[in-house]
Amino acid sequence: MIRVVLPPHLRQLANVDRVVEIQVKEPLTLRTVLDALEARYPVLRGTIRDYTTQERRAFIRFFACGQDLSHEPLDAPLPETVASGAEYLMVVGAMAGG
Amino acid sequence: MSEVRVLVGTHKGAFMLNSDGKRKRWDVSGPFFAGWEIYHFNGSPADPDRLYASQSNGWFGQVIQRSNDGGKTWEAAGNKFTYDGVPGTHQWYDGTPHPWEFKRVWNLVPSFTDPDTVYAGVEDAALFRSKDGGQTWEEFPGLRKAKGNLWQPGAGGMCLHTILIDPSNSKRIFVAISAAGAFRTDDDGQNWRPINRGLISPNELPDTTAEVGHCVHNISMHPSRPGVLFMQKHWDVMRSDDAGEMWHEISGNLPSDFGFPIAVHAHEPETIYVVPIKSDSEHYPPEGKLRVYRSRKGGNEWEALTNGLPQGNCYVNILRSAMAVDSLDSCGIYFGTTGGQVYGSADSGDTWTPIVRDLPAVLSVEVQTLR
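Here the protein sequences come in this chain order: A and B. End of the first sequence = 443 in this note's numbering, gap-free, step of one. End of the second sequence = 598 in this note's numbering, gap-free, step of one.
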């Protein structure tokens with residue numbers, strides 16, 4: 346079970362708490378996690394990845410295990426501690442403004 | 228007993244202002260979609276309980292919300308806005324080619340007859356339509372063929388911000404785009420052509436009377452006379468009596484002919500309203516006095532409406548979609564400001580009162596008259 350932390354706007358949109366738990370089939374990558382997340386919460390389609398290009402939206406970042414994964418290839422394996430559920434994968438709205 | 232529901236989109240959520248036909252006491256509900264920009268919030272003429280809201284922000288993109296019960300409950304509809312084919316390029320601010328990129332929905336206009344049919348004007352400029360209550364969207368690519376490669380963004384972006392459907396002929400639709408101009412289809416969106424003859428933009432365009440490129444801010448019509456159009460341009464207030472074939476200026480004695488919204492009285496097709504703004508670099512009322520100007524003669528001769536509006540130290544703006552009228556016997560008119568006030572008048576603009584004072588910046592105002 347993967348644990349994903351969503352930012353407040355997306356929690357409101359999907360009507361979920363801060364952390365959502367989702368089942369993801371191997372291989373465990375950013376792409377497969379986002380695919381599973383959007384399949385379970387279709388309202389999130391287009392809010393994290395661009396609908397057309399499927400690229401990460403410009404003001405979205407991905408953090409896990411104290412690292413910034415935003416610029417990792419979408420098909421790169423996620424850290425083992427995320428795969429085991431010990432660590433969260435955080436979807437973060439980039440700091441902008443005040 | 229009649230009721231009025233004012234739908235307000237703001238920089239940080241949507242609000243509903245409800246009153247009976249007297250329009251003296253108001254019940255304010257919201258924010259809905261708190262923290263999100265609501266560029267437009269509109270109701271279906273065919274079913275007033277069907278509401279649509281354009282919800283977006285720079286982080287998470289575009290969401291379309293739909294209510295089937297007058298705003299008591301909401302559900303997210305479809306948000307996949309994909310341009311037809313390869314959209315190519317339009318002009319950037321400096322005139323260089325720039326690829327077409329979807330950013331947000333500026334305008335949602337439901338059909339007069341079918342609550343499931345709704346039109347969406349988007350940035351970068353294009354027109355979409357849904358026939359299934361907003362679940363799926365299809366573009367009218369013929370619009371971009373009307374010299375779309377020469378369109379350019381205004382200060383707010385290259386947005387299709389105004390959609391007017393001819394109430395007597397749903398195959399005729401008018402749209403306005405900043406900064407491209409006004410366009411019309413007579414065949415339900417298949418073919419479009421610019422309708423900008425008579426517009427002059429000496430400070431914005433190298434060819435001052437170009438076929439496209441004019442910064443049109445808003446267009447209005449009275450439903451009984453769909454061939455008569457009123458336009459607030461970047462500078463100049465304009466009028467067309469032939470469905471946009473030719474425009475002529477009606478700015479007359481206005482203190483400034485720069486502004487954003489323009490509205491038509493519900494029962495008097497020659498009575499129109501604008502809110503003059505000082506200039507394109509100073510987006511606030513001249514002299515710090517918030518004045519709605521009314522012409523009862525279809526333009527040229529204007530009177531200032533000030534009763535109840537601040538006449539000093541007022542430096543708000545009134546955005547292009549932020550003025551609307553109700554259709555009660557004594558016509559009500561409403562507008563919202565970037566300072567978060569929504570002002571209402573129940574007597575055609577003679578007197579005004581603030582319905583709310585401290586909302587987030589108001590992006591849009593629409594009115595439903597519920598009988």
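No wet-lab data here; the hints were simulated from the structure. Note that the coordinates shown come from a computational prediction; the quantities given were computed from them, not determined experimentally. One or more of the hints may lead you astray.
[Unchecked claim] Derived DSBU-like pairs: lysine-lysine, alpha-carbon spacing no greater than 35 Å straight-line:
hint: 1; chain 1: B; residue 1: Lys251; chain 2: B; residue 2: Lys239
hint: 2; chain 1: B; residue 1: Lys307; chain 2: A; residue 2: Lys370
hint: 3; chain 1: B; residue 1: Lys299; chain 2: B; residue 2: Lys330
hint: 4; chain 1: B; residue 1: Lys330; chain 2: B; residue 2: Lys374
hint: 5; chain 1: B; residue 1: Lys524; chain 2: B; residue 2: Lys505
hint: 6; chain 1: B; residue 1: Lys330; chain 2: A; residue 2: Lys370
[To be verified] To be clear about the criterion: a stretch of chain B counts as covered by chain A if any three or more of its residues have a C-beta under 8 Å from a C-beta of chain A, and this derived list gives those stretches:
hint: 7; region: 236 to 245
hint: 8; region: 280 to 286
hint: 9; region: 298 to 308
The beta-carbon is built from N, C-alpha and C at its ideal position, and this holds for glycine as well.
Hint-by-hint comparison with the structure:
{"no.": "1", "hint": "B:Lys251 - B:Lys239", "result": "26 Å, holds"}
{"no.": "2", "hint": "B:Lys307 - A:Lys370", "result": "26 Å, holds"}
{"no.": "3", "hint": "B:Lys299 - B:Lys330", "result": "28 Å, holds"}
{"no.": "4", "hint": "B:Lys330 - B:Lys374", "result": "20 Å, holds"}
{"no.": "5", "hint": "B:Lys524 - B:Lys505", "result": "23 Å, holds"}
{"no.": "6", "hint": "B:Lys330 - A:Lys370", "result": "32 Å, holds"}
{"no.": "7", "hint": "236 to 245", "result": "violated (count 0)"}
{"no.": "8", "hint": "280 to 286", "result": "holds (count 3)"}
{"no.": "9", "hint": "298 to 308", "result": "holds (count 4)"}
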